[in-house]
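Going line by line, the protein sequences match chains A and B.
Plus 1 on top of the position in the first sequence (first one is 1) and you've got my numbering.
Plus 6 on top of the position in the second sequence (first one is 1) and you've got my numbering.
Derived by calculation from the structure, the hints in this document are not laboratory data.
Some clues are possibly wrong.
To give an idea of the interface, some chain B residues facing chain A are shown, with a C-beta separation under 7 Å as derived from the structure [said to hold, decoys possible]: (1) Pro21; (2) Val22; (3) Gln140.
Within a straight-line C-alpha distance of at most 30 Å, the following computed DSS-like cross-link-like pairs (lysine-lysine) qualify [stated by the list, open to error]: (4) Lys7(A) - Lys123(A); (5) Lys285(B) - Lys34(A); (6) Lys96(B) - Lys52(B); (7) Lys286(B) - Lys34(A); (8) Lys263(B) - Lys54(A).
Being a predicted model, the structure only gives us computed values, none of them experimental.
Glycine included, each C-beta is placed from N, C-alpha and C at the ideal position.
The chain contents come next:
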Amino acid sequence: MMYSEKVMDHFMNPRNVGEIADADGVGQVGNPKCGDIMKMYLKIENDVITDAKFKTFGCGAAVATSSMATELVKGKTIDEALKITNQAVAEALDGLPPVKMHCSNLAEEAIKAAINDYKRRKGLIGDNGDCDACCMRCEDIHHHMNDEDE
Amino acid sequence: MSTRNIYLDHAATTPVKPEVLEAMLPWFTENYGNPSTVYSIGRTSKKAIEEARETVARIIGAEPREIFFTGSGTEADNWAIKGAAYANMKKGKHIITTSIEHHAVLHTCQYLESEGFEVTYLPVDEYGLVTPEQVEAAIRPDTILISIMFANNEIGTIQPIAEIGKIAREKGICFHTDAVQAMGNIRINVSELNVDMLSMSAHKFYGPKGVGALYIRKGVKLTSFMHGGAQERGRRASTENVPGIVGLAKALELADKNMDEYNKKLTALRDRTIAEIEKKIPFVRLNGHREKRLPGNVNFSFEFIEGESLLLMLDLKGIAASSGSACTSGSLDPSHVLLAIGLPHEKAHGSLRLTFGEENTDEDVDYLMEVLPEIVQRLREMSPLYEEVRNR
Numbered sequence: 002m003m004y005s006e007k008v009m010d011h012f013m014n015p016r017n018v019g020e021i022a023d024a025d026g027v028g029q030v031g032n033p034k035c036g037d038i039m040k041m042y043l044k045i046e047n048d049v050i051t052d053a054k055f056k057t058f059g060c061g062a063a064v065a066t067s068s069m070a071t072e073l074v075k076g077k078t079i080d081e082a083l084k085i086t087n088q089a090v091a092e093a094l095d096g097l098p099p100v101k102m103h104c105s106n107l108a109e110e111a112i113k114a115a116i117n118d119y120k121r122r123k124g125l126i127g128d129n130g131d132c133d134a135c136c137m138r139c140e141d142i143h144h145h146m147n148d149e150d151e
Numbered sequence: 007m008s009t010r011n012i013y014l015d016h017a018a019t020t021p022v023k024p025e026v027l028e029a030m031l032p033w034f035t036e037n038y039g040n041p042s043t044v045y046s047i048g049r050t051s052k053k054a055i056e057e058a059r060e061t062v063a064r065i066i067g068a069e070p071r072e073i074f075f076t077g078s079g080t081e082a083d084n085w086a087i088k089g090a091a092y093a094n095m096k097k098g099k100h101i102i103t104t105s106i107e108h109h110a111v112l113h114t115c116q117y118l119e120s121e122g123f124e125v126t127y128l129p130v131d132e133y134g135l136v137t138p139e140q141v142e143a144a145i146r147p148d149t150i151l152i153s154i155m156f157a158n159n160e161i162g163t164i165q166p167i168a169e170i171g172k173i174a175r176e177k178g179i180c181f182h183t184d185a186v187q188a189m190g191n192i193r194i195n196v197s198e199l200n201v202d203m204l205s206m207s208a209h210k211f212y213g214p215k216g217v218g219a220l221y222i223r224k225g226v227k228l229t230s231f232m233h234g235g236a237q238e239r240g241r242r243a244s245t246e247n248v249p250g251i252v253g254l255a256k257a258l259e260l261a262d263k264n265m266d267e268y269n270k271k272l273t274a275l276r277d278r279t280i281a282e283i284e285k286k287i288p289f290v291r292l293n294g295h296r297e298k299r300l301p302g303n304v305n306f307s308f309e310f311i312e313g314e315s316l317l318l319m320l321d322l323k324g325i326a327a328s329s330g331s332a333c334t335s336g337s338l339d340p341s342h343v344l345l346a347i348g349l350p351h352e353k354a355h356g357s358l359r360l361t362f363g364e365e366n367t368d369e370d371v372d373y374l375m376e377v378l379p380e381i382v383q384r385l386r387e388m389s390p391l392y393e394e395v396r397n398r
């Protein structure tokens, strides 16, 4: 298995590691059982993401996709950010090894979870509102991975 | 990139010793004759193989005719287990093994289950040990084979092979041990241990890759695994890997000669590393048994971080190591061994295996201990799990 130079760069020098104390949206996806958890913090002003930070427990690809995802969402409106796909995250990193594609799913889900949290806080969706994100089960994430294998 | 290069993955493979390579070289270019032929250079090859067989036999307390060369340790395991199962299936279809075997044994047993055999996978305690009593209790009238690894490749735990061998012998059940990790690290005498079959692999003791051996006690019936010519007394067809076989024997001979010194040196490096990790890094757990453990094996779980990240960071500092995390196993689950000793998934994902060898020094441990605590801390700072603990 080989990581691209860009993955290694984002793993060794991850952008935006940390927390945002007064975040407007926080999303956590993954599960320690599966070996990866991503937690994303967003600062949002007038529906535009002005800052993003992350904390991740996971492999090299999980750290790199988290880092890239925070870079991709910054400056985007929440609607634009919701359209970021796992493919887009992976492509921005010059690709991921096939067995690591689920990490990019996790990044996509983390963005969605953080934005949903923001919408909930704003009263735009209900408490049990549409959770687009895979809700913390290995099977959900692995499901995507199997899809990609086919 | 680091200028240092420290190899701490000797359980994965070892470098070929210069003396071993030297012994092998003539068998590629000069003495290339096929051992099955009648002319001179063929006979020279045949003689080299028989000398290698005598060396291996002498070192493990066997007779030369009980040593069979194979293409790998995995092949030796496959042959021993499938061969004994099929040869004895009229007597019974029950096999006893453990839940922490190498995949070469585990997946072979699972395959046999699909062929109608029944397999008991003995659980292990928190140190990875099985007891002779557990083995005895699992024996049924239709048990035809017991296969228990000598020492575990991940956590280094050494099993009570002699006691298990005694039980197997009393009950008249064929006993195989996968000694791939133990060979070259521990003195092994198959007669004293009452072992009927034993697998080894040259590249784990400074020999070449692609050659192993299976000891088969006289009288043990096995079906053939490789069908073809009459090599290995008709039991393992295929033109012999002469340079590999010569290399295996030379490597084993050197290992046997240096065993005490090697063992002492590795044990010192191991125990120092274990002590320093426990002293310098919080939230760690030593995996495996403290004493009943391979001399060069260190295996720790570092809470809140994931193994592959740890390996990548160590690699950038020039240290080659291994982990039981799912991300490094190529599957979705972390190591079956770490789960079997009772580790929750998240701790199994955060494991690090360091295995010392011949060329390692105290300076290597100094350097490791210089970089490891920093790396662990750096990854923990990045981990949402650590954050939760700190905020408690």
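Distance restraint between Lys7(A) and Lys123(A), which requires alpha-carbon spacing of 30 Å or less: Distance of about 36 Å is beyond 30 Å: violated.
Lys285(B) paired with Lys34(A) [C-alpha distance capped at 30 Å]: holds (27 Å)
Pair hint outcome, Lys96(B) versus Lys52(B) [Cα-Cα no greater than 30 Å]: violated (37 Å)
Closest C-beta approach of Pro21(B) to chain A relative to 7 Å, hint status: With Cβ-Cβ at 23 Å, over 7 Å, it is violated.
Val22(B) as an interface hint toward chain A, with CB separation required under 7 Å: Where the cut-off is 7 Å and the nearest Cβ of chain A is about 25 Å from Val22(B), the hint is violated.
Interface hint for Gln140(B), Cβ within 7 Å of any Cβ on chain A: violated (28 Å)
30 Å Cα cutoff - pair Lys286(B), Lys34(A): holds (27 Å)
Lys263(B) paired with Lys54(A) [C-alpha distance capped at 30 Å]: violated (58 Å)
The structure fails to meet hints 1, 2, 3, 4, 6 and 8 from the earlier list, while all remaining hints are met.
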